[in-house]
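K.L.:
Chains as they are written, first to last, in my numbering: chain A, 7 to 277; chain B, 7 to 277; chain C, 1143 to 1382; chain D, 8 to 255; chain E, 8 to 255.
A hint or two may mislead.
[Claimed, not checked] Cβ pair distances, simulated, as ranges:
id : chain 1 : residue 1 : chain 2 : residue 2 : range
1  : D       : 24        : A       : 24        : 52 to 60 Å
2  : A       : 56        : C       : 1375      : 30 to 38 Å
3  : D       : 247       : E       : 62        : 38 to 46 Å
[Stated by the list, open to error] Computed list of chain A residues with no C-beta within reach of chain C, every gap over 10 Å:
id : residue
4  : 25
5  : 63
6  : 95
7  : 118
8  : 126
9  : 185
10 : 189
11 : 226
12 : 228
No wet-lab data here; the hints were simulated from the structure.
None of the values given here were measured: they were computed from a predicted structure.
Note that CB positions come from ideal geometry on N, CA and C, so glycine has one too.
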Amino acid sequence: MARVPVDVGTRAPVIAVLPALLGLALLVLPLIALVSRASWSTLLSDVTSKQALDALSLSLRTGLASTTLCVLLGVPLALVIARSPARVAHLLRALVAVPLVLPPMVGGVALLFLFGRSSQVGAWIEALWGVSLTFSTTAVVLAQAFVALPFLVLSVEGSLRSAGAGYEQSAATLGAGRWMVLTRVTLPLAAPGLVAGVILCFARAIGEFGATALFAGNAPGVTQTMPLAIYTAFNGAGTGRESAVALSLLLLATAILVLLSVRAWRPGALK
Amino acid sequence: MARVPVDVGTRAPVIAVLPALLGLALLVLPLIALVSRASWSTLLSDVTSKQALDALSLSLRTGLASTTLCVLLGVPLALVIARSPARVAHLLRALVAVPLVLPPMVGGVALLFLFGRSSQVGAWIEALWGVSLTFSTTAVVLAQAFVALPFLVLSVEGSLRSAGAGYEQSAATLGAGRWMVLTRVTLPLAAPGLVAGVILCFARAIGEFGATALFAGNAPGVTQTMPLAIYTAFNGAGTGRESAVALSLLLLATAILVLLSVRAWRPGALK
Amino acid sequence: APQESAPPSEEPTVITVAAAASLQRAFGDIQQSFEKANPDIRIEPILYDGSSTLATQILEGAPINVFASADTRNMRSVQEAGLTAEPRIFATNTLAIAVPKGNPGHVTSLADLANATTVLCAPQVPCGHAAQELLRNASVKVTPASMEQNVTAVLAKVAAGEAEAGLVYATDVAGDDAVESIRPDGADEVVNYYPAAALTVGEQSTQEAAQRFVDFVAGGPGQQILARYGFGARAESSEN
Amino acid sequence: MSPGFLADFTVQRAAFEVRIELELHQGQVLALMGPSGAGKSTIVSAIAGLERIDAGRISLDGTVLAGDGVHLPPHRRSIGLLGQEPNLFPHLDARANIAFGARAAGMAKAAALALAEQWLERIGLPGMAPRKPAELSGGQRQRVALARALAAGPRMLMVDEPFVSLDVEAAADMRTLLRHELDRTKTRTIVISHSAVDAVELADELIVIEHGSVVQRGQVRHVLAQPQTRFVRAVAATLPAADDPARG
Amino acid sequence: MSPGFLADFTVQRAAFEVRIELELHQGQVLALMGPSGAGKSTIVSAIAGLERIDAGRISLDGTVLAGDGVHLPPHRRSIGLLGQEPNLFPHLDARANIAFGARAAGMAKAAALALAEQWLERIGLPGMAPRKPAELSGGQRQRVALARALAAGPRMLMVDEPFVSLDVEAAADMRTLLRHELDRTKTRTIVISHSAVDAVELADELIVIEHGSVVQRGQVRHVLAQPQTRFVRAVAATLPAADDPARG
Ligand SMILES: Nc1ncnc2c1ncn2[C@@H]1O[C@H](COP(=O)(O)OP(=O)(O)OP(=O)(O)O)[C@@H](O)[C@H]1O
Ligand SMILES: Nc1ncnc2c1ncn2[C@@H]1O[C@H](COP(=O)(O)OP(=O)(O)OP(=O)(O)O)[C@@H](O)[C@H]1O
Ligand SMILES: [Mg+2]
Ligand SMILES: [Mg+2]
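Between the sequences and the hints, there should be enough to build the whole structure, so can you do that?
P.N.:
Written out as structure tokens, the structure reads:
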């Protein structure tokens, strides 16, 4: 509750600037190298081809859907972990982090093993809904959610833990039940972490390639997201490499636009 | 500074439990499916083969190295972003998030374009050190750092922002310079986020596949990390699929052990 | 194949084809001419990916009617699961040396690979397996800088000038401006076979349509197109 | 008539133990005094349910709140607590902070905000409705926190040093306001304060705690007139010469 | 001899403006009083460098700290501030909190911790060295914060309501401790307090602020004896009958 100062005089130490610049360079220079190799003559036709636009729109739609799914499942999961006894929380957190380690392709194989024809779960789903999950747009969303969920859960959990217990206690003594404490106090206070988590999750989801390729396949318009289109172009050798770069730039530009448009993702948006 | 209560009575609302379980299931069931398909007869020989152990040790070594690099570059970068004016911070944050969106394979191509022999940077490096980065273990570390750095930066930045400005001000009025405020107040207070960021970063680094494959290649013992070994086995058709699963399980088990052993990664480790 | 096409007024039979990534450009053309020749069948879509990815997906129930693999091993795993009709070999492919534009390593033969920075496919994957065989036949010992998991990675390194040479399939280099290709001696002895098969799933009419596509690819019109993209003619050889 | 609120419990915190026994009738106001670190805040935290008791029992109107294996969470006790740290919600403005309790009790948003506006006037801060806590002075925050606790209309109220950071005039105004509200609502109340004036002006009964134990209890003026410990003597000495406070 | 510390500045915060002009000689103690929201905390924040001034200038021993385009960061002003919220570092124990300033000044770790132990004794909390702030009572935290500010040995000190949350005895002890330290070190000091007793016992001069402006200033007892506003009158009335405080 400290007053927001005009200038606290606690800027980052000068010694931090050089490594920070190096870090930024490591992230940005490869992108510049990528841009510099783009073949400008074919760029426009590459990025406006029906296949590219279909893939982009599919990526945005599935990315949004899987991010929504992750928020719906991940925020409660983060909450349960944040409120579990220390040992349980420790174990749960490790479990949640494990899929991060898995090369996405293996994640895709695991999803196939779980939902595919040869599994019990797959059979149940087919019996229940008469459809198979695999090789559908739903599969894309599931694959993206599988790889992106850990990012959401872990960063939200972190901010839920640090979002002051004192305020929650005050709310409870004012008669607020768990739900009200959660929605009116805990989540708003954890908002910066939540927004960051959602961003990480969305970015990871629309960049997802390996798990989607295995679990959902590579059908244009149905499961061919941008990364798959890029991969497909890339595999085409020859001019394919150029159109892969063009498609990557399209994806990058879109991502930058989406990220910049998230106004809430700003310091002091809440506090 | 509120007193840590024995029980605040602010547990997660019951309504959170079902989605939390679903979320956990989405993450864990595929892993179980994977384990259930392991071919136990060949598992032992698969995971104890020289190639597997070489790859595992390379993965751990490069993962550690790239995580260290990420901490050295990423924490200062997070700091600079957290302390920048809102608009600058917003832009920097979007820039940092962009590599997340890039399919790692494209990231590998970008790195190849940047550091490859055909680039100016590559020529400088070759002139300076007389070596090319590609095909070297250094390239693996760079590729991992490139994909993992955003996770570290974004989650650390989030926790730096929320780590009370009030305490930093008090420290400054006690005569502490920027460096002391940073090391004795800011970073310790942001520790939970820092630890979470390091975990995300490490996990992402040792799971990294696409960028490494393109930029560093697949030389056993030098650049063949676990994910590359898994992918190579998987592409080998026939029995390859089984040994790919076996290698994945080895990677998973190692990851769980590493994650569980990070004692600091616990709620209330500091507060 | 028997021409028992349904009346044109009816909905065409839709089949899905899964093809190895290296077939991408050739199958684009084949799809067009097949659909022109068979208006009652529509191909939607053709999925391209690595053969082993496609095989795994088919084994897990992917709704696919034709599988065109870049190797016989992956085809066999699907066949052994009882999912295919008899496969037909429809193309062959041989290896070529790819060098960066201008050939900075002055590579002209297999023997030169021993002294150049060379990348190969990993021995576990089909192109690597073939490369080993070719080098063994020529008694050349190469220590590759890297053993890539696929042709794409080999080509990317060569195109970027990181490697002075790589061994890939002739069809992969055809039409790539960033690399030049050299046909090594003994290439003809190491042949990679491409089998295709209709899958025995779905309705009878779909299975028949799938078989017609396989026959089209393995037959005259398909062969012409494949040849344009550098594939070798269908050799009636025993697969292994 | 039963006392309604009955508490007799022990809280253990590492080496520190606090033990208290008290009862409160409808409308009764109890002052709790004691040296710094005596255990006052611990007692009210335990009664509010923010802390588990280690032995004994707390009950209100026949319902056991804690003890006998029961530990009702704070929001089901309906006992308001203005803690030693006011903990205003930093993301809500002054008005929304005050309206919070009424909203929790189910009041419609518009009504709760209107109520909060009234409270802002009563605490002398009209026009501060849209200010976030960080945009208020220390004393202004303290007043908003007091209003927030009162506006929630709890069955029982506990205030832990409610008038710190207030100048003499504001403190007197807030004391009058609190007195007035308690008279009106007949809410059972526990007031923790270091000021003898607060005890005399607000409370019927005074309990003095030292080192976790009750050392003196009884009618406020009676206790202060016959101090039994050095601490009580020191407190009594701070009362203005004429120990004749105008009540009500 | 020059006054050493000179301040004459304006701070603007939305619609609120505070303006002050003051000077402090070596060893001089100034009391700052005023109603809640008058601008007292704003003034000391600006002097400490936590806040920019909008006009005017602050200088200490000939160095411009703020104004004339200069804005020295807090740690280069060597002006200690015990803020209205004590902000003890939650991750450090009581001893490490107190040792912080000495460490910042370059003292070796062992020496700083030993110094902190002495301070813990002086504030009546021996044995609390390993306690984290969350394990202390409100008044204990306040005392640790006071010790932390004093132990840092600043060139000039400002304390914003240093004795809140303290019982009468502890408050008197801390006042004596502070008086003693200030006499010993001759540190220029600004004390914000709502208690007339604090002003009389600690300060040489008193400045009263209302609505951001100085309304009365002068010798403490002189100001309180001749109140010019209602607020000052109310403050003066709280002094014990015998306005004859024992100084030193
Ligand atoms: N976690 C803990 N471990 C050990 N002792 C503790 C812990 N928390 C609090 N204490 C001690 O419990 C005692 C009572 O604390 P409490 O906050 O109830 O005091 P208080 O009467 O409210 O004091 P104050 O007037 O200073 O606010 C104190 O002596 C404190 O040091
Ligand atoms: N961000 C802001 N915008 C507008 N007004 C503000 C802002 N921050 C503070 N104020 C106002 O500035 C005035 C001075 O605040 P300050 O904290 O200096 O008061 P104070 O004299 O210390 O009062 P107290 O005794 O209550 O601590 C208050 O009236 C407050 O409402
Ligand atoms: Mg207390
Ligand atoms: Mg103030």
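K.L.:
Are all C-beta atoms of chain C more than 10 Å from that of residue 95/A?
P.N.:
holds (35 Å)
K.L.:
Using the beta carbons of residue 24/D and residue 24/A, state whether their distance is inside 52 to 60 Å or not.
P.N.:
holds (55 Å)
K.L.:
Evaluate the condition: distance from the CB of residue 228/A to the nearest CB of chain C exceeds 10 Å.
P.N.:
violated (8 Å)
K.L.:
Does the beta carbon distance between residue 247/D and residue 62/E stay inside 38 to 46 Å, or does it fall outside?
P.N.:
holds (43 Å)
K.L.:
A cut-off of 10 Å on Cβ-Cβ distance, and residue 126/A was said to be off the interface with chain C. Does that hold?
P.N.:
Given that every Cβ of chain C is farther than 10 Å from that of residue 126/A, nearest at about 13 Å, it holds.
K.L.:
That 30 to 38 Å hint for residue 56/A and residue 1375/C (C-beta), does it hold up?
P.N.:
holds (34 Å)
K.L.:
Far enough from chain C: is every CB of that chain over 10 Å from the CB of residue 185/A?
P.N.:
It holds; residue 185/A is separated from chain C by about 41 Å at its closest Cβ, greater than 10 Å.
K.L.:
Is it the case that residue 189/A keeps its Cβ farther than 10 Å from each residue Cβ in chain C?
P.N.:
The claim stands: residue 189/A keeps its Cβ more than 10 Å from every Cβ of chain C (closest is about 41 Å).
K.L.:
Going by Cβ atoms, does residue 63/A stay more than 10 Å from chain C at every point?
P.N.:
holds (16 Å)
K.L.:
Quick one: work out the minimum CB distance from residue 118/A to chain C and report holds if it exceeds 10 Å, violated otherwise.
P.N.:
violated (4 Å)
K.L.:
Taking C-beta pairs only, is residue 25/A more than 10 Å away from all of chain C?
P.N.:
holds (28 Å)
K.L.:
A cut-off of 10 Å on Cβ-Cβ distance, and residue 226/A was said to be off the interface with chain C. Does that hold?
P.N.:
It is violated; residue 226/A is separated from chain C by about 5 Å at its closest Cβ, not greater than 10 Å.
Hints 7, 11, 12 from the earlier list are contradicted by this structure; the remaining hints agree with it.
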